[in-house]
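> Based on the sequences and whatever the hints tell you, model everything.
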Amino acid sequence: MALLHPDTLGSVKSRAIRGSVWTIVGYSGQQGLRLAGNLVVSRLLFPEAFGIMAIVNVFMQGLAMFSDLGIGPSIIQNKRGDDPDFLNTAWTVQVIRGLLLFLMACALAWPVMNFYGEPMLGQMLPVAGLSALIAGFNATAIFTLNRHLMIARMTVLEIAAQAVALVVMIAWALMSRSVWALVGGGLAGVAAKMILTHVALPGQRNRFHWDASAARSLVSFGKWIFLSTLTTFLVTQSDRLVFGKLITLEQLGVYSIAILFAMMPTQVMMKVGSSVVFPAYSRVLEQTGKLQSAFAKTRSGLLLLGAGVISIVIACGPFGIRVLYDQRYHEAGDMLQLLAIASWFQILECTNNSAILAIGKPKWIAAGNISKLVGLLCFMPLGYMWYGFYGAIGGIVLSETLKYVTSVCGVRLNEFRTLRTDISMTLLMGSVAGVGVWLGRWISQYGGGNIGAFLGVTAILAVGWLIGARRSSVVRGALA
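Taking my numbering, I'd label the letters of the sequence shown as residues 978 to 1457.
In short, the hints are calculated from the structure, not lab data.
These numbers come from a predicted model, not from an experiment.
Be a bit skeptical, because a hint or two may be false.
DSS-like mimics (lysine-lysine), calculated; alpha carbons at most 27 Å apart, straight line [what the hints assert, rightly or not]: (1) Lys-1274 with Lys-1056; (2) Lys-1056 with Lys-1248; (3) Lys-1340 with Lys-1267; (4) Lys-1267 with Lys-1338.
Given below as structure tokens:
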């Protein structure tokens, strides 16, 4: 079925703008549903349930990352990304991978259960592993739509799948008040997405097929993606693996709430980067052979948006947690402020990654992950030894900084200049966040309470950033 339009610079630009809007709207909708479900279920279940689920999610994400061959990025970046033989070979590899992941989840259940001393883990891991098996049958249309910046249908599909997961999770929690509600909701969402990719998206109808040259292309590009995602798992999930052994499940559940909010700004940037910016860079590079100008304009605009969001999270996060959650979760607010600083360095680094992937140098992403892993192994234990739990979180911040420095080296060696812009944006973000923290405490102290401080500071900072953005040459350049 024909679904694609010729890629000209004008069409790439217009679809990139529309795609960015759809991506942000879609991500906001998904996270809104996810937050709504989290708020409801947090009142029906105990924090320990979120702690158990955090461990399950760590191992499921680990299995996925340990076997990631970069099928999606390969389809987006490769010149054969619209070839049916290439797509069907990629789909065949994806299905086989999903089956292997399910079998590995079953094999891990017993040792994980014994390591953490929690019998529920032995039952939950195999069931959660079904999500990998189901997702293996997702249609490759989700990648070809990304390749050509046709984001609208995928956005609607993902929101629909998230809504299904939310309904099942809440209904299950109301009936059983069990951690199985979290597992069941997740499985329902994955199944809904898989079905919709086949019945609701245009594009190649997948079947089992094997093309040797396509397989070689997938392996050639995917070997660095494999190393990158392998190290990504270690650097993004090691905190929960370590904390799951050092602290109580209740504390881990509170930490999972903090990390949920802290990661939202980074995740939206990663989503825009993978769904819009990386495909757009790839198309621009194909047509012009140059990327520096488009990179500088696009990245500066993204950083301005990220700086505004992070400053609001740092200033208003603790007040927001106290408004949304009961007393059991209030400590998440203090954790959130530290984790938001780490998220800023993740934004600086991930906005480099789209260009790194587009020029076919994913080894620099792997190098960044390795540097962060080294940082975690050094800084987290020292932080915990000297300052306890919050010292360990400080170690996470330092590790993200080290990863960012590595990415700067990678883009600089490929003739992209970023450091001056990053220093300016960091100073601006930190200054605004500091003013916001002071303002929030002042409003709270003089009768505004948590709600007044949260709403007041959020509104003031948001309006300030919007006014600044309208007058900024950075934004005008990004839209030019």
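> Next, verify each hint and record whether it holds.
To see whether the hints hold, each was checked on the structure:
1. Lys-1274 with Lys-1056: 25 Å, holds
2. Lys-1056 with Lys-1248: At roughly 22 Å apart (the allowed maximum being 27 Å), Lys-1248 and Lys-1056 satisfy the hint.
3. Lys-1340 with Lys-1267: 20 Å, holds
4. Lys-1267 with Lys-1338: 15 Å, holds
Of the numbered hints given earlier, the model fails none.
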